[in-house]
Amino acid sequence: MAGSLASRLGRLQRDAGGSAAEPSPLAERLDALRRRSRRSRDLGQTIPGEPVADGVLRLEHRQPFGPWIDADVEPLGLGAGASMEARFVDTETTGLAGGTGTRIFLFGAAWRDGEDLVVCQLLLLRPGAEAAYWEVAESLLPQHFGLVSYNGKSFDWPLVATRQRLSGRPVRQPNWHVDLVHPVRRAFGSRWPDCRLQTCEARLLGAPRSNDLGGEFAPWAYREFLAGRDAGPLRRIIDHHRQDMISLVELLPVVGRCLGDPGAFGADAAAVGRGWLEAGDLARAAAVLAGHTCAEARLLHASVLRRQERWADAAEIWSALAGEGEARAVEAMAKYCEHRTRDLEAARGYARQLVACRPGDAASTHRLNRIERRLGKQPTD
Amino acid sequence: MTDRVRAFADRLARKYDGRVTGTLTVPARPARHGAFPENLSPGLIQALQARGIEEPYSHQVEAWEHVRAERSVVLMTPTASGKSLCYNVPVIDAVMRERAKALYLFPTKALSQDQVAEIIDLGRAGDLGVRAFTFDGDTPGDARVAVRTRGDIVVTNPDMLHQGILPHHTKWAQFFEALKFVVVDELHTYRGVFGSHVSNVLRRLRRICRFYGVDPIFIGCSATLANPQEHARSLFQVPVSLVAESGAPQGEKMLMLWNPPVVNPDLGIRASARSQSTRIARQAVRAGLKTIVFAQSRLLVEVITKYLKDVFDSDPRRKARVTAYRGGYLPTERRQAEQALRAGAMDCVISTSALELGVDIGALDVCILNGYPGSIAGSWQRLGRAGRRQRPTLGVLVATSMPLDQYVVRNPEFFLGASPEHARISPDQLLILLDHIRCAAFELPFREDERYGDQDIGEFLAYLADSGVLHLDHDQWHWIDDSYPANAVNLRSVADGNFVVVDTTDGKQEIIAEVDFSSAALTLYEGAIYMVQSRPWQVERLDWTGRKAYVRRTHVDYYTDSIDYTRLKVLERFQRERVRCGDAAHGEVHIVRRVTGYKKIRYYTHENIGYGPIDLPDQEMHTTAIWWQLDSREIDARFASRWEAMDGLIGATHALHTVAIILTMAEPRDLGRSVSDGAARWAVRQDGHGSSLEAGPGERADPQAVDDFSPCVFLYDNYPGGVGLSEPLYAERQRLIADARALIAGCDCERGCPGCIGPVTANEQRTDAKAGALVVLDAFGGSDGGVLGIPARPAAA
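Residue numbers (numbering that gives the first Met the number 0), protein chains in the order written: chain A, 0 to 380; chain B, 0 to 796.
Treat each hint with caution, since some may be false.
Below, simulated SDA-like cross-link-like pairs (lysine to any residue); rule was C-alpha separation at most 20 Å, straight line [what the hints assert, rightly or not]:
| # | chain 1 | residue 1 | chain 2 | residue 2 |
| --- | --- | --- | --- | --- |
| 1 | B | K599 | B | D630 |
| 2 | A | K152 | B | V144 |
| 3 | B | K599 | B | P535 |
| 4 | A | K152 | A | P182 |
| 5 | A | K152 | B | K599 |
| 6 | A | K334 | A | S318 |
If you anchor each label on the Cβ, the simulated ranges turn out as follows [to be verified]:
| # | chain 1 | residue 1 | chain 2 | residue 2 | range |
| --- | --- | --- | --- | --- | --- |
| 7 | B | A487 | A | G231 | 27 to 33 Å |
| 8 | A | D229 | B | S466 | 14 to 20 Å |
| 9 | A | L140 | B | A342 | 58 to 64 Å |
| 10 | A | L140 | B | N38 | 21 to 27 Å |
| 11 | B | D542 | A | G188 | 25 to 31 Å |
| 12 | A | R228 | B | P238 | 45 to 51 Å |
| 13 | B | D448 | A | R228 | 52 to 58 Å |
| 14 | B | E539 | A | A294 | 36 to 42 Å |
| 15 | A | D229 | B | Y610 | 57 to 63 Å |
Short, incomplete list of chain B residues facing chain A, as computed with Cβ under 7 Å [claimed, not checked]:
| # | residue |
| --- | --- |
| 16 | D126 |
| 17 | G128 |
| 18 | Q475 |
| 19 | I479 |
| 20 | D481 |
FYI, nobody ran anything at the bench for these hints, they're computed from the structure.
Ideal placement from N, C-alpha and C gives every residue a C-beta, glycine not left out.
When you get a sec, could you build the whole thing from the sequences and use the hints?
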């Protein structure tokens with residue numbers, strides 16, 4: 000067939016109309032690609048860090064380990080000694096698609112070293128050095144460790160496992176894994192436009208960044224570097240990533256405190272309370288929900304009280320809400336009066352109100368009819 | 000023995016003697032048995048016996064022996080011959096002995112589910128402890144981990160392997176490390192574009208297997224093909240043994256070829272296949288025979304269903320006896336139809352090829368093919384749906400007026416005696432190859448010296464690196480892009496993204512059907528009547544980018560059919576040759592198709608009762624083509640007028656298309672045709688009023704006024720980048736011309752008919768298109784007597 004393969008490929012791929020120069024022969028293009036790799040290697044030397052293996056650069060940052068008491072992290076299920084065991088892990092990747100073609104080029108692990116916080120970043124200088132890269136990364140994780148991440152359960156950590164397996168390395172699992180994105184989503188999902196780490200940082204840690212190159216630029220920055228064009232964007236991504244690691248460490252106790260007292264952080268108390276309820280921790284659920292004024296929180300609070308068999312307290316909340324026309328509270332009161340206090344007259348009142356709230360609802364009508372029947376059978380004194 | 004099916008067949012043959020052009024009876028065949036291999040797990044033998052299998056068929060034993068000896072194998076035995084035991088037995092045996100793993104591939108989800116149910120039944124019968132799961136788009140997220148880590152047999156489809164498993168192979172590490180068998184059923188369906196894609200998915204699978212240090216045995220099953228072994232080898236890319244002698248018993252099979260009667264001898268027009276199929280189905284159902292009708296298009300399924308429902312289901316109080324079954328229905332609706340069929344609750348089903356594959360629908364007596372399915376394997380596969388239980392069955396192939404159909408029924412020996420179809424794939428088709436190299440590079444880095452399939456792919460990798468997707472580091476090519484390439488590659492169609500059909504009647508928002516991208520423009524334009532179970536909806540709004548069509552329930556007495564306009568431009572000539580009075584060439588073309596409008600067609604009378612415009616984006620592709628060009632001097636010297644020449648060109652193109660399909664064994668839709676100038680300025684079209692020159696959508700031009708009237712006849716690969724049809728056609732161009740010439744010259748008609756030069760028009764002053772077509776073919780260098788052996792006669796002119 001006429002036309003070189005490359006030119007035909009180009010034409011088939013491109014939209015019609017664009018004209019492209021005939022590509023040069025394969026050997027020349029391979030040379031150009033190799034030159035590209037060499038340029039990228041030269042660029043790598045402009046990044047400050049310690050080469051710890053061929054193609055692997057280690058960057059270390061130390062700062063004082065922030066105040067953190069066990070009570071802060073207890074709502075996250077962490078006990079004494081967690082701060083010594085914890086490894087905070089975050090990565091930057093060539094994309095978000097997942098799968099075996101998404102690679103980690105920046106792996107960060109942070110831990111407490113006495114009074115210090117150590118943030119260690121590993122940069123993969125060339126894709127071919129992955130096996131050595133993961134060997135070094137493993138050395139940052141002790142035999143027994145706990146993992147703290149932000150969205151690491153579904154993204155970073157499976158990807159670490161994928162990369163290790165591809166590199167023929169063993170996959171080591173942590174003793175425990177706290178992924179802060181879940182409690183943050185629960186507490187703030189209804190309050191914030193999004194729950195990205197940077198949003199947490201701005202709203203909970205009060206430390207806005209300046210001149211930050213966002214993580215969404217990471218794949219591009221790395222490709223710029225690999226193509227031998229520019230290491231500048233990559234250096235900025237490294238700074239960004241270090242800041243992410245520090246924020247992750249600082250965020251942990253704040254999220255813990257927030258779960259114990261959502262109101263103090265402007266969080267969605269009803270959602271946090273529901274979380275405790277679902278986890279079966281009634282005492283904490285009641286504590287979190289008490290005193291909140293939104294209908295959702297009060298309804299939940301009442302259902303916690305009901306489960307604790309504090310009927311009178313629950314009824315107090317329901318009757319107040321029923322007075323405000325909240326159908327679910329009216330329903331609860333109708334049930335409460337019919338089955339618990341056996342005050343059928345009152346039950347009928349609520350049942351009627353419920354039918355009015357939910358016109359056409361068969362269950363409500365059925366309830367009203369039943370109560371009417373029972374009232375009819377009662378001897379009239 | 001008097002049998003109702005046989006009695007019905009006799010009655011048909013007597014009553015419609017002139018329409019039956021050929022019959023074939025495949026006699027009943029007794030069973031041939033073998034013995035269970037001695038070293039088979041006793042538990043497994045007990046389970047088989049508990050399922051009523053006392054002694055295996057000879058072909059099953061033969062297959063087991065191959066697999067035992069670690070030889071890849073392909074089985075080609077008829078429907079319902081116990082094919083699945085050929086692979087299930089050695090696989091389950093190996094699972095029990097060594098916890099080996101197996102991957103099963105079926106082309107559809109429904110088949111996967113049937114298969115898992117079968118394995119589970121067998122496992123339960125003998126308490127074999129075999130864990131079989133389906134893995135497809137319907138598998139819930141939390142179940143996926145269990146499938147990956149605990150499944151002994153994972154049953155999936157090529158699409159899921161391609162998009163869901165291979166790009167995540169590290170999650171499947173445990174599975175791959177113990178993978179010993181890859182079972183690929185319905186092998187004959189993997190041909191053409193789809194087959195070329197699947198072959199590449201299997202190349203990627205083998206690459207992943209090498210990474211995990213395993214070399215699985217491939218077991219394939221296929222319907223009848225002329226080249227099962229060759230086809231399996233090109234799909235699996237390993238040596239393959241063949242088992243083709245079935246030991247299973249078979250009931251008597253009768254097959255009739257049926258040509259509708261000529262209703263207009265002057266124009267050579269025959270009654271429609273639809274009317275004949277409906278008639279045969281009606282009589283079969285009345286005779287108490289369970290009947291299936293296969294129609295070529297979803298539209299036809301709906302039309303025939305309506306006609307049969309009008310007869311059998313006119314009383315809404317009684318249970319329905321007739322049902323439609325086709326792609327595009329929601330899974331629940333399809334499952335319901337399947338169940339009703341299995342339970343024998345339906346007397347007649349009308350289906351597209353969606354039912355062709357082994358979905359179990361119980362026993363049927365009569366199978367009617369409304370139109371030749373385009374391949375012999377496809378025909379037998381559909382005919383196999385009747386008579387699963389060793390009873391006599393009848394198949395009727397009803398020809399349409401399409402040339403291919405007419406060829407088949409007029410030359411019964413082609414269908415009845417000759418060797419069936421060759422399945423062909425071109426896994427090295429440029430775009431397909433590039434797509435899968437991309438996917439493979441995502442899955443594992445390529446070594447610089449690594450070959451893919453048997454290809455040296457340096458150029459491809461350099462191309463991908465130039466576009467920034469790959470990075471060359473030392474001797475390896477690494478994927479560094481942020482995309483997930485498998486999602487951009489659809490194995491089954493060119494473009495991505497199914498359309499959903501949303502019913503908005505009475506303020507609802509209910510999805511009632513799905514339509515694939517390629518047919519959306521032809522079926523979901525605004526104003527279209529869209530039918531589900533022959534109930535009509537009208538499309539009110541088409542959201543092209545959102546891939547949604549909003550429809551409303553309607554009651555009309557017509558259906559709609561779209562009209563399209565295709566422009567074609569030559570980009571490059573790879574090869575070129577001077578023929579008698581013009582040029583023959585092979586090269587690359589750019590095609591733009593636009594759907595310009597639609598016709599409203601009234602039920603039963605089929606008269607045209609109106610037109611509507613369609614405004615949709617153009618569909619473009621680059622592909623390969625073969626063409627012949629006649630320059631204007633030759634045209635003017637040979638024809639009295641250019642109008643006459645156009646009729647001849649259209650006729651010649653029809654005949655060339657027919658013989659090209661027969662020569663390449665392609666699906667008719669895979670090969671496009673066009674008569675145009677090759678510079679996208681004008682094209683010759685034909686409609687009910689004769690030939691015309693179109694210089695734009697709906698824009699007529701006068702051919703006499705065109706400066707350089709040098710038309711080309713194009714046959715092109717109807718797939719971006721081509722699928723390897725036009726190149727062999729160019730090599731066979733002389734034979735092609737000769738066969739087309741012989742086809743026309745040998746036809747009994749006077750001045751052309753749908754069987755040779757395609758539909759002819761009722762125009763009073765019409766030209767002799769038949770003679771014109773022969774003039775064109777002679778100019779292209781035809782001589783008499785082609786390979787198809789059609790005797791040549793002097794041209795009628």
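Going down the list of hints, with the structure as the test:
Our distance criterion of 20 Å between C-alpha atoms is broken by K599 (chain B) and D630 (chain B), whose separation comes to about 38 Å. Straight-line distance between C-alpha atoms of K152 (chain A) and V144 (chain B) comes to about 14 Å, which keeps the hinted pair within the 20 Å bound. Note on K599 (chain B) and P535 (chain B): the hinted pairing holds, with a Cα-Cα distance of about 13 Å set against a maximum of 20 Å. With a C-alpha separation of about 13 Å, the suggested pair K152 (chain A) and P182 (chain A) falls inside the 20 Å cut-off, and the hint holds.
Only pairs whose Cα atoms come within 20 Å are accepted, and K152 (chain A) paired with K599 (chain B) is rejected, the gap being roughly 57 Å. At roughly 12 Å between alpha-carbon atoms, K334 (chain A) and S318 (chain A) fall within 20 Å of each other, so this suggested pair holds. Take A487 (chain B) and G231 (chain A): their Cβ atoms lie about 31 Å apart, and the range 27 to 33 Å holds. A C-beta distance of roughly 19 Å is found between D229 (chain A) and S466 (chain B), which places it inside the suggested range of 14 to 20 Å.
A hinted range of 58 to 64 Å for the beta carbons of L140 (chain A) and A342 (chain B) is consistent with their spacing of about 60 Å. For the pair L140 (chain A) and N38 (chain B), the beta carbons lie near 48 Å from each other, so the given range of 21 to 27 Å is not met. For D542 (chain B) and G188 (chain A), the Cβ-Cβ distance of about 30 Å falls inside the hinted range of 25 to 31 Å, so the restraint holds. Under the hint 45 to 51 Å, the C-beta atoms of R228 (chain A) and P238 (chain B), about 48 Å apart, fit the expected range.
The hint said 52 to 58 Å for the Cβ distance between D448 (chain B) and R228 (chain A), and at roughly 28 Å that hint is violated. A C-beta distance of roughly 41 Å is found between E539 (chain B) and A294 (chain A), which places it inside the suggested range of 36 to 42 Å. For D229 (chain A) and Y610 (chain B), the hinted distance range of 57 to 63 Å is satisfied, since their beta carbons lie about 59 Å from each other. Proximity of D126 (chain B) to chain A is violated relative to the hint, the smallest CB-CB distance being about 34 Å (cut-off 7 Å).
Against a cut-off of 7 Å between C-beta atoms, the interface hint on G128 (chain B) is violated, since the closest Cβ of chain A lies about 28 Å away. The criterion of a C-beta within 7 Å of any C-beta in chain A is met by Q475 (chain B), whose closest approach is roughly 5 Å, and the hint holds. Taken as an interface hint, I479 (chain B) checks out: its beta carbon lies about 5 Å from the nearest beta carbon of chain A, inside 7 Å. A least Cβ separation of about 3 Å between D481 (chain B) and chain A falls short of the 7 Å threshold, and the interface hint therefore holds.
The structure shown violates the earlier hints numbered 1, 5, 10, 13, 16 and 17.
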